[in-house]
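For this one, chain X is given, so just place chain H on it according to the hints.
Chains as they are written, first to last, in our numbering: chain X, 11 to 266; chain H, 11 to 130.
If you are wondering where the hints come from, they were derived from the structure by calculation, not from laboratory data. By construction, the Cβ of each residue, glycine as well, lies at the ideal position given by its N, Cα and C atoms. Don't take each hint at face value.
Claimed, not checked - When the alpha-carbon atoms are kept at most 35 Å apart in a straight line, the in silico DSBU-like pairs for lysine-lysine are as follows:
hint : chain 1 : residue 1 : chain 2 : residue 2
1    : X       : K123      : H       : K113
2    : X       : K192      : X       : K148
3    : X       : K123      : X       : K148
4    : X       : K229      : H       : K113
5    : H       : K43       : X       : K148
6    : X       : K123      : H       : K43
7    : X       : K123      : X       : K155
8    : X       : K155      : X       : K34
9    : H       : K113      : H       : K43
10   : X       : K155      : X       : K229
11   : X       : K229      : X       : K34
12   : X       : K155      : H       : K113
13   : X       : K155      : X       : K192
14   : X       : K34       : H       : K113
15   : X       : K155      : H       : K43
16   : X       : K192      : H       : K113
17   : X       : K123      : X       : K192
18   : X       : K192      : X       : K229
19   : H       : K113      : X       : K148
Said to hold, decoys possible - Which stretches of chain H does chain X cover? Using the computed rule of at least three CB atoms under 8 Å from a CB of chain X, they are:
hint : stretch
20   : 29 to 36
21   : 113 to 120
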Amino acid sequence: MLGKRMQMSAAIRVRQLRKLYGDKAAVDGLDLTVPRGSFFGFLGPNGAGKTTTIRMLMGLAAPSEGSIELLDLPMPERALEIKGRIGLVPDESLLFDALTGAEFLEFVGRMYKLDRAVARERAGELLTLFELDTAGRKLIGEYSKGMRKRIAMSAALIHRPELFLMDEPFEGVDAVGARLMKELLIEQVHRGATVFLTSHVLEVVERLCDRVAIINQGKIVLEGTMAELRSGSESLEDMFVRVVGAERVAETLDWL
Amino acid sequence: MNSPGGSVVWNQVRAIAWAQWRSSWNRLPGANKGSAAATLLIGILWYGAIVLLAAGAGAIMAQAGHERFLPLLLNAALFLMFVYWQFVPVIMASTGSALDLRKLLVYPIRRCSALRYCCG
Chain X
11 MLGKRMQMSA
21 AIRVRQLRKL
31 YGDKAAVDGL
41 DLTVPRGSFF
51 GFLGPNGAGK
61 TTTIRMLMGL
71 AAPSEGSIEL
81 LDLPMPERAL
91 EIKGRIGLVP
101 DESLLFDALT
111 GAEFLEFVGR
121 MYKLDRAVAR
131 ERAGELLTLF
141 ELDTAGRKLI
151 GEYSKGMRKR
161 IAMSAALIHR
171 PELFLMDEPF
181 EGVDAVGARL
191 MKELLIEQVH
201 RGATVFLTSH
211 VLEVVERLCD
221 RVAIINQGKI
231 VLEGTMAELR
241 SGSESLEDMF
251 VRVVGAERVA
261 ETLDWL
Chain H
11 MNSPGGSVVW
21 NQVRAIAWAQ
31 WRSSWNRLPG
41 ANKGSAAATL
51 LIGILWYGAI
61 VLLAAGAGAI
71 MAQAGHERFL
81 PLLLNAALFL
91 MFVYWQFVPV
101 IMASTGSALD
111 LRKLLVYPIR
121 RCSALRYCCG
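Pulled out of the complex, with its shape left as it was, chain X reads as follows (with noise of 0.2 Å):
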C-alpha cells in the first residue's frame, strides 16, 4: 500500500527513455523516478544526456522509444497541462533578446495564463528581488551570463509551478545571486514543489539535492538518497569520478 502511495507520488517517472540521434543514443533506457516534494540532482559529466534528457521532459525534444510522466500525467499525451505547471530554467537560448527583462517576464506570466496586470504586478516583484529593477529595462540580449540565469529563474517562478526543471541553473550566477536563488528554492520544496537540477557544482548538489543521480553514457549509473551515498566514506565528487569511469591520474606533461 505505501509502495503504491509512493509510486502515485512522483513528480517524473521515466521508463526505458531512449533518444537516438542518428546510430548514437545519447540517452540509453533510462529509467528514473523523482517523488514529489524532492530536491533532486541530476548529475554528470559533458555529454552524458543531462541536457537531452531535460529537454525531453520539457518537451522540446521527443523521445525515440520510452515513456515520461510528469505529475501523474502523461508526456506529450497531456503536455498541455503539464506545462502549465512546471516552472523551466532551461539553457539560455530559449530567452527572447529582444525583449526588455521586465516585458520578458511580464510574457512569460501571460503564457502561463496570467492576467495582464498580475503579470505585470509579479514581475516587478521578481525584478526588485532579484535585484534586476534597473537591468529590467535593457535588453536581455544585453544581459551577462548570471543575469540571463537570475531572469530565467525569474519567469520559472512567475506562474508558482508544482515542477522546476532547471538545465545548470546557478552556472555564472555570483554568490549573492547563487545563495537566493538556493534559498528560493528550498523554499519552494518546503511548500512542497519538487525540484530537478542538473549541476557541475558537485558542491552545492551535495548541500542542497536529498536525492542525486549520476548519468554516463546515457545510462543511469548510480542514484540514492543523500544520505544513503554518505554513508561510505567517499565524497560525491569521489563518487561521482569513480562512477563515470574517470579515476585515472593525469599525465603530466613533460614540459610543465
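The following block gives chain H in isolation, referenced to the frame of chain X:
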C-alpha cells in the same frame, strides 16, 4: 470565442503579438522618437514607391494596345513579390526582430494559438 478556453487562447495570442511588437520596436536603433520617425519615413518612401510603381503600371496598361504586356508584367510582379516575402521573414529572424516561435514550445499554449498568430 466566448468560452473560457477560447478567451485564454486569445489572451495568449495577444501576448505573442505584443511580444512580437515589442521585439521589433526594441530592435530599432536607439528605440527613440528620432529613430522611429526615420523608420516611418523610410517605410513611407519604400511602400510609396511600390504604390507609385503599381499606379504607373496600371495607367500604362490602361492604354490601348498595351494589353499584350500584361501577362509578362504580372508574371514578373508575382515572381518579385514571392521572392521578397521569402527573404523578409529570414531577414527579420536573423536580425532578432522577430520572435522565434519554436521557443514558445515550452509554454502551455495550444498549437492553434501560434497558428492564429502566424496566420491571422
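(request) Against the structure, test the hints numbered earlier, and report the numbers of the ones violated in rising order. (result) Per hint list: zero violations.
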